[in-house]
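Chemist: If you want the building blocks of each chain, they are given just below.
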Amino acid sequence: MNTKVNIAGVELKNPVTTCSGTFGSGQEYGEFVDLGLLGGVVTKGVSNVPWPGNPAPRIAETYGGMINAIGLQNPGIDVFVRRDIPYLKQYDTKIIVNVCGKTAEDYVEVVERLSQEPVDLLEINISCPNVKEGGIAFGQDPKAVEAITREVKRHARQPVIMKLSPNVTDITVMAKAAEAGGADAISLINTLTGMKIDVHRRTFAVANKTGGLSGPAIKPVAVRMVYQAANAVKIPVIGMGGIMTAEDAIEFILAGATAVAVGTANFHNPRATAEIVKGIEQYMERYKVDDICQLIGAVE
Amino acid sequence: MAKEKKTVLVTRQEQLLDDVWSLWLGAGSMALEAGPGQFISMYSRDGSRLLPRPLSICEIDRDKEELRIVYRVVGAGTQEFSALKAGDSVDILGPLGNGFPKVSPDKRVLLMGGGIGIPPMLELAKNLEGVRTAVLGYRDRLFLNREFEPWGKVLIATEDGSAGTKGNVLDAVREHGVQADVIMACGPTAMLRAIKAYAARENIECYLSLEEKMACGVGACLACVCQTKEVDHHSNVHNKRICKDGPVFAAEEVEL
Numbered sequence: 001m002n003t004k005v006n007i008a009g010v011e012l013k014n015p016v017t018t019c020s021g022t023f024g025s026g027q028e029y030g031e032f033v034d035l036g037l038l039g040g041v042v043t044k045g046v047s048n049v050p051w052p053g054n055p056a057p058r059i060a061e062t063y064g065g066m067i068n069a070i071g072l073q074n075p076g077i078d079v080f081v082r083r084d085i086p087y088l089k090q091y092d093t094k095i096i097v098n099v100c101g102k103t104a105e106d107y108v109e110v111v112e113r114l115s116q117e118p119v120d121l122l123e124i125n126i127s128c129p130n131v132k133e134g135g136i137a138f139g140q141d142p143k144a145v146e147a148i149t150r151e152v153k154r155h156a157r158q159p160v161i162m163k164l165s166p167n168v169t170d171i172t173v174m175a176k177a178a179e180a181g182g183a184d185a186i187s188l189i190n191t192l193t194g195m196k197i198d199v200h201r202r203t204f205a206v207a208n209k210t211g212g213l214s215g216p217a218i219k220p221v222a223v224r225m226v227y228q229a230a231n232a233v234k235i236p237v238i239g240m241g242g243i244m245t246a247e248d249a250i251e252f253i254l255a256g257a258t259a260v261a262v263g264t265a266n267f268h269n270p271r272a273t274a275e276i277v278k279g280i281e282q283y284m285e286r287y288k289v290d291d292i293c294q295l296i297g298a299v300e
Numbered sequence: 001m002a003k004e005k006k007t008v009l010v011t012r013q014e015q016l017l018d019d020v021w022s023l024w025l026g027a028g029s030m031a032l033e034a035g036p037g038q039f040i041s042m043y044s045r046d047g048s049r050l051l052p053r054p055l056s057i058c059e060i061d062r063d064k065e066e067l068r069i070v071y072r073v074v075g076a077g078t079q080e081f082s083a084l085k086a087g088d089s090v091d092i093l094g095p096l097g098n099g100f101p102k103v104s105p106d107k108r109v110l111l112m113g114g115g116i117g118i119p120p121m122l123e124l125a126k127n128l129e130g131v132r133t134a135v136l137g138y139r140d141r142l143f144l145n146r147e148f149e150p151w152g153k154v155l156i157a158t159e160d161g162s163a164g165t166k167g168n169v170l171d172a173v174r175e176h177g178v179q180a181d182v183i184m185a186c187g188p189t190a191m192l193r194a195i196k197a198y199a200a201r202e203n204i205e206c207y208l209s210l211e212e213k214m215a216c217g218v219g220a221c222l223a224c225v226c227q228t229k230e231v232d233h234h235s236n237v238h239n240k241r242i243c244k245d246g247p248v249f250a251a252e253e254v255e256l
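Chains S and H are the protein sequences, given in the same order.
Quick note: the first sequence uses the numbering used here, first residue 1, plus one each step.
Quick note: the second sequence uses the numbering used here, first residue 1, plus one each step.
These are calculated hints, taken from the structure and not from any lab test.
Fair warning: there could be bad hints in the mix.
[Claimed, not checked] The calculated DSS-like cross-link candidates involving lysine-lysine, where the alpha carbons are at most 30 Å apart (straight line), are:
no., chain 1, residue 1, chain 2, residue 2
1, S, 209, H, 85
2, H, 213, S, 196
3, S, 196, H, 5
4, S, 4, H, 5
5, S, 102, H, 229
6, H, 213, H, 85
7, H, 229, S, 278
Construct the entire structure; sequences and hints are all you get.
Modeler: Below is the structure:
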């Protein structure tokens, strides 16, 4: 049975990775899961300098999901390179570093710093809904998506995945813009902008007022967008958005995703990633699928 | 990799007040590992509620390998927990976080708990060896106060004056002239802020247990941060993680 998939020349032992921001740099969940079982670990977004993030409360539970407005708190590239990459290097998994910034120069600075590091793939976050200046400012205009992709590609040594926002009218326009800018792959969906109000206190449930909605509540939207994007571009798609089980992961693969990422599920079950890896193998046995690649985009 | 979410059995549950419940769990090895001030994550059985509820440990019975959780019903998740009966099972993860530090037996310890911040102080009171005074603050109705009595002096403060000192825990401390070498406290942020200022003024060593909305409970998601005086080791800013670096902090370490 083959569970290996290929993203821009990088072979993942299976299609299961993590959603940026839900898994730190792996240390915390390394106490629950052998990270070597995963196809790849996608790190929390890292910027050129430390970012403090947003005020608390930063999260709120919603029906079948949650809203977060963490605000990309991270230690900056210096600490990340010194501490987090050596930690992840201990495991037989691919290291996918999520990069965030407020300006094109910020992204380029981080990408250049990573060029000499043992990192397998870069994921460029142009879709965080919780940071005003950065992230999403690049992700909702096709011209900006293409321009930032081209700029990052000019400086990147590793293949580049552009992480797209679902908070757009037509996801295929953004997917094509990333492809036109030279992206090696795209990942989607980031969170959907949402809001929750505490009716007893009459206040916003998260201090940032709005936050990103994730979890199984958004899965049908994510599957639809992955399907549309996969049919609009030739580059591989990494699918995510509410994956809780192996069947959810298979659903994204059938929709056209070459790999998947598990996010909010980690909070509900710290062993979710490993269980999904196992469950995909069981699905393949049950339906006598020799090669996972036969399932990619195989919905009829 | 030893850690995992575990399904455990409820050994008993009783209602202490309209909205306050006491739950004993057959926690097995978790009970042996746990210490005062730590917490567990407890998971709903309803798939629409994904996030675990962080609940402080009220008592640890190492002989029976049980943990006691005393919690307030504040929403649908805790409402669900309040229906648990002996023999029911529930998923938990823990013990999590760093609890209260050990104190030398020659120190006089002042324990202060406010509202649903009172439960974690009980296991702490049982574990201290020296002279201890527990000051418990309530809005009106009392709970758990009798259970503190075997472990030292107990003072009560109520907002409505129906029992003990009318006012807050610091009003009771002043009224009774309580002297202490170390303060340990858990309760609403406004109370902890006042205690921090009091401890600084009186030059008393002070530890505070904080709470915040949590998602992962294990230090990964960075939801439950508190502002700190020094740069934190994890994110290199001024934000410590309450779930992983706390929930107990030295008072001078945190900005409230």
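Chemist: Quick one, are residue 4 of chain S and residue 5 of chain H close enough, alpha carbons at most 30 Å?
Modeler: holds (29 Å)
Chemist: Take a quick look at whether residue 209 of chain S and residue 85 of chain H sit within 30 Å of each other, Cα to Cα.
Modeler: Violated, at about 38 Å.
Chemist: Within a Cα-Cα threshold of 30 Å, do residue 102 of chain S and residue 229 of chain H meet the stated pairing?
Modeler: holds (26 Å)
Chemist: Regarding the pair residue 213 of chain H and residue 196 of chain S, is the alpha-carbon distance no greater than 30 Å?
Modeler: Holds, at about 14 Å.
Chemist: Compare the distance between the alpha carbons of residue 196 of chain S and residue 5 of chain H with 30 Å, and conclude whether the hinted pair is satisfied.
Modeler: holds (28 Å)
Chemist: Check the hint pairing residue 229 of chain H with residue 278 of chain S against an upper bound of 30 Å on the C-alpha distance.
Modeler: Violated, at roughly 44 Å.
Chemist: Regarding the pair residue 213 of chain H and residue 85 of chain H, is the alpha-carbon distance no greater than 30 Å?
Modeler: holds (27 Å)
The structure fails hints 1 and 7 (numbered hints given earlier, in ascending order).
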